[in-house]
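Sequences are here, hints too, so could you generate the full structure?
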Amino acid sequence: MSSAAAPEINKQTKETVAALGEKYKYGFVTDIEMTRAPKGLSEDTVRYISAAKNEPDWMLEWRLAAYRRWVQMKEPDWARVHYPRIDYQNAYYYAAPKNTPLKKSLDEVDPKLLETYNKLGIPLNEQMALAGVAVDAVFDSVSVATTFTDKLNEAGVIFCPISEAIRDYPDMVRKYLGTVVPVSDNFFATLNSAVFSDGTFVYVPKGVRCPMELSTYFRINASETGQFERTLIVAEEGSYVSYLEGCTAPKRDENQLHAAVVELVALEAAEIKYSTVQNWYPGDENGLGGIYNFVTKRGDCRGDRSKISWTQVETGSAITWKYPSCILRGDDSVGEFYSIAIANHYQQADTGTKMIHLGKNTRSRIISKGISAGRAQNTYRGLVSVHARAENARNFTQCDSLLMGGQCGAHTVPYIESRNSSARIEHEATTSKIAEDQLFYCQARGLGAEEAVALIVNGFCKEVLQQLPMEFAVEAQKLVGISLEGSVG
Amino acid sequence: MLEIKNLHVSIGGKEILKGLNLSITAGQVHAIMGPNGSGKSTLSYVLAGRAGYDITQGSITYNGEDLGALPPEARAAKGVFLAMQYPVEIPGVTTMMFLKSALNAQRRARGESELDAIGVLKTVRRKAAALNVSEEMLKRALNVGFSGGEKKRLEILQMSLFEPKLAILDETDSGLDIDALKLVAEGVNALRDPARAMLVITHYQRLLDYIVPDRIHVLAGGRIVAEGGKELALELEAKGYDQIVKDAA
Ligand SMILES: Nc1ncnc2c1ncn2[C@@H]1O[C@H](COP(=O)(O)OP(=O)(O)OP(=O)(O)O)[C@@H](O)[C@H]1O
Ligand SMILES: [Mg+2]
Numbered sequence: 001m002s003s004a005a006a007p008e009i010n011k012q013t014k015e016t017v018a019a020l021g022e023k024y025k026y027g028f029v030t031d032i033e034m035t036r037a038p039k040g041l042s043e044d045t046v047r048y049i050s051a052a053k054n055e056p057d058w059m060l061e062w063r064l065a066a067y068r069r070w071v072q073m074k075e076p077d078w079a080r081v082h083y084p085r086i087d088y089q090n091a092y093y094y095a096a097p098k099n100t101p102l103k104k105s106l107d108e109v110d111p112k113l114l115e116t117y118n119k120l121g122i123p124l125n126e127q128m129a130l131a132g133v134a135v136d137a138v139f140d141s142v143s144v145a146t147t148f149t150d151k152l153n154e155a156g157v158i159f160c161p162i163s164e165a166i167r168d169y170p171d172m173v174r175k176y177l178g179t180v181v182p183v184s185d186n187f188f189a190t191l192n193s194a195v196f197s198d199g200t201f202v203y204v205p206k207g208v209r210c211p212m213e214l215s216t217y218f219r220i221n222a223s224e225t226g227q228f229e230r231t232l233i234v235a236e237e238g239s240y241v242s243y244l245e246g247c248t249a250p251k252r253d254e255n256q257l258h259a260a261v262v263e264l265v266a267l268e269a270a271e272i273k274y275s276t277v278q279n280w281y282p283g284d285e286n287g288l289g290g291i292y293n294f295v296t297k298r299g300d301c302r303g304d305r306s307k308i309s310w311t312q313v314e315t316g317s318a319i320t321w322k323y324p325s326c327i328l329r330g331d332d333s334v335g336e337f338y339s340i341a342i343a344n345h346y347q348q349a350d351t352g353t354k355m356i357h358l359g360k361n362t363r364s365r366i367i368s369k370g371i372s373a374g375r376a377q378n379t380y381r382g383l384v385s386v387h388a389r390a391e392n393a394r395n396f397t398q399c400d401s402l403l404m405g406g407q408c409g410a411h412t413v414p415y416i417e418s419r420n421s422s423a424r425i426e427h428e429a430t431t432s433k434i435a436e437d438q439l440f441y442c443q444a445r446g447l448g449a450e451e452a453v454a455l456i457v458n459g460f461c462k463e464v465l466q467q468l469p470m471e472f473a474v475e476a477q478k479l480v481g482i483s484l485e486g487s488v489g
Numbered sequence: 490m491l492e493i494k495n496l497h498v499s500i501g502g503k504e505i506l507k508g509l510n511l512s513i514t515a516g517q518v519h520a521i522m523g524p525n526g527s528g529k530s531t532l533s534y535v536l537a538g539r540a541g542y543d544i545t546q547g548s549i550t551y552n553g554e555d556l557g558a559l560p561p562e563a564r565a566a567k568g569v570f571l572a573m574q575y576p577v578e579i580p581g582v583t584t585m586m587f588l589k590s591a592l593n594a595q596r597r598a599r600g601e602s603e604l605d606a607i608g609v610l611k612t613v614r615r616k617a618a619a620l621n622v623s624e625e626m627l628k629r630a631l632n633v634g635f636s637g638g639e640k641k642r643l644e645i646l647q648m649s650l651f652e653p654k655l656a657i658l659d660e661t662d663s664g665l666d667i668d669a670l671k672l673v674a675e676g677v678n679a680l681r682d683p684a685r686a687m688l689v690i691t692h693y694q695r696l697l698d699y700i701v702p703d704r705i706h707v708l709a710g711g712r713i714v715a716e717g718g719k720e721l722a723l724e725l726e727a728k729g730y731d732q733i734v735k736d737a738a
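The listed protein sequences derive, respectively, from chains L and S.
Residue 273 in the working numbering sits at position 273 of the first sequence, with consecutive numbering throughout.
Residue 678 in the working numbering sits at position 189 of the second sequence, with consecutive numbering throughout.
Think of the hints as simulated: they come from the structure by calculation, not from any bench.
There could be a bad hint or two in this list.
As the list claims (entries may be wrong) - Per label pair, the in silico range of CB-to-CB distance: (1) S:R629 <-> L:G287: 37 to 45 Å; (2) L:N286 <-> S:E675: 54 to 62 Å; (3) S:D682 <-> L:K151: 55 to 63 Å; (4) L:A435 <-> S:P560: 12 to 20 Å; (5) L:E436 <-> S:R614: 29 to 37 Å; (6) L:A429 <-> S:A619: 42 to 50 Å; (7) S:K735 <-> L:A435: 48 to 56 Å; (8) S:A515 <-> L:G406: 40 to 48 Å; (9) S:A540 <-> L:Q466: 26 to 34 Å.
What the hints assert, rightly or not - Non-contacting residues of chain L with respect to chain S, defined by C-beta distances greater than 10 Å in every case (computed): (10) E55; (11) G156; (12) D331; (13) L358; (14) H387; (15) I416; (16) A435; (17) E436; (18) A449; (19) E451; (20) F460; (21) K462; (22) M470.
As the list claims (entries may be wrong) - Taking lysine to any residue and the SDA-like style, the derived pairs with C-alpha atoms no more than 25 Å apart in a straight line are: (23) L:K462 <-> S:S499; (24) L:K462 <-> S:M626; (25) L:K433 <-> S:M586; (26) L:K462 <-> S:N525.
Note that beta-carbon positions come from the ideal geometry of N, C-alpha and C, so glycine has one too.
Next up, the structure:
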């Protein structure tokens, strides 16, 4: 999101990389005292978190019910990802920067934190001024800076940490929380329900077009602290909101678990656009370290003519397990999934979407671009399901894979279920390599090998990049280049 | 400016160029003619630095520097330009975006300041108009779905944009209609300059009516077998390569 030009970023990257002796740009740790819940997971941990958040009783009960459910569940193993067993008792489930109650203005924020953001190239001040983006910056588990609230207040839009929403708008949260991703949905979602630390709540009232893009930066900072973000976005009848989520994390040797849950609810004729640029630490060139990212994201097109659109650029994490989905419940509702997944070195990505057609004339569109380099494994896993009542459902799916080098893998696993003969489902898939003549052509015109690869890959991803809001698209393009550094000899 | 001495080049172990000598001084335009498969494109790729074209013997000196040691992008930044016989398609990358990235990459490598989007746009538009390259083409993905002639015109547009010191044109005239041929020739002639050298590879004497060369070399079997002034093209047209090669032997 910074205004710096690409070459400047590239130069910075190279310098940082040189300094660290690493390929990862954002590998630094902020030295701020942390308050932690005791290690391990038990009912006491859940109570600790709930108490630390000053939560009402109903919330604690909700969490405890999830916890009791979770201890009976088994970790899923169907995805094409491999990792050592996670010892859930050997992790911390809650960490908050010490002495940081909620701040209303940037002046009150710890300068060290701001410095961290600056290193990440997301100076809040600049962003506020330049991009007109409201930023709710999540540092580890507690939100420390919320901006642009006035303008949003005027429009009646609520955009706040979910911990705050639980206290200030309990009825709204109770009405929608867990209605899209039920507490018992899956192992990781249930875990999240028990121990979620913080996250974001967005509410857009009837007929309101949210006056700005809403943006949250997540950042994992404390060693061995699992991150359990919880996001809930509700768009009332005829409203519109675009939400941007961007992530970077500092370098760590231990693998870090991340299990977020995102729930979107679009009522009649409402539209939600949810964009993600995910750039968590992917591990080093030898596959050491990196984030385990097990996310449950689901949108419910609850009203007729509603629309939910997911756009994701996944370049980070050692393991990505993520299937942003749409339940097309309302008649004439529309679901979209645009994805770029880049896996380099030893990264493993198993990602895709589910489009569940329940209503009549529902339409879905899936565009997936997978890029694999090094020894990475990249799987697209998608489900298109048309239920009996879904007359005239339409789906178009396009899965393109790009391979760089001979040691990586690309896999496409489409599942199609149709119980209505009027459904029309189209699926296209391609696999290609960057041709030597393309590389040479670019180089002969002056582009360095890495720059040429970045350009060609960005071209390959164009249909998805186009879906991103402007400022995000610029950052995403840079990330594509950075993620593939070292992938050409 | 360019001095090629006893150049031997192999592709995958197969020798294609077998002791080629050629030298061009600044301000000159040289033409290379020769039968299919004689090694013309191979020579052009070697000059531009394509991987897989191994120099097994001999040397290429460009402005006193060993060109063989430089990667292609460094050669481009130093002013070597190759208009390719078969321009390559790059899906999803608009022509304008490509031109801007390439131009700025070259400028960066030379330690010059980069041009902003508007600056590039203005320059490109001006040069494009002269070559009849439409605005619409500049917005399309690079070379994707371009006709043969459109691709060639875009190559010349790049030449005129990058203002190289050594321009190599590999059969830029093939596939061009008469009008386009004239436009391209005008573009090339406009770049003729005492500080610039050009190497024009062609099969047709017709092009040389428009771009009059200082010297013509005939390449056959990986070697220069005949050389002469512009009248050699006419002789070739009359006798054919077989005879010229025999005469030379
Ligand atoms: N990658 C390759 N592997 C093996 N042989 C090759 C390769 N590339 C070129 N050659 C061979 O090298 C020889 C010279 O090819 P080159 O393309 O340089 O010819 P040319 O003079 O440009 O011909 P044309 O007039 O048809 O363009 C040909 O015999 C060709 O088959
Ligand atoms: Mg040729």
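Report the numbers of all earlier hints that the structure fails to satisfy, in ascending order.
7, 16, 17, 18, 19, 20, 21, 23 and 26
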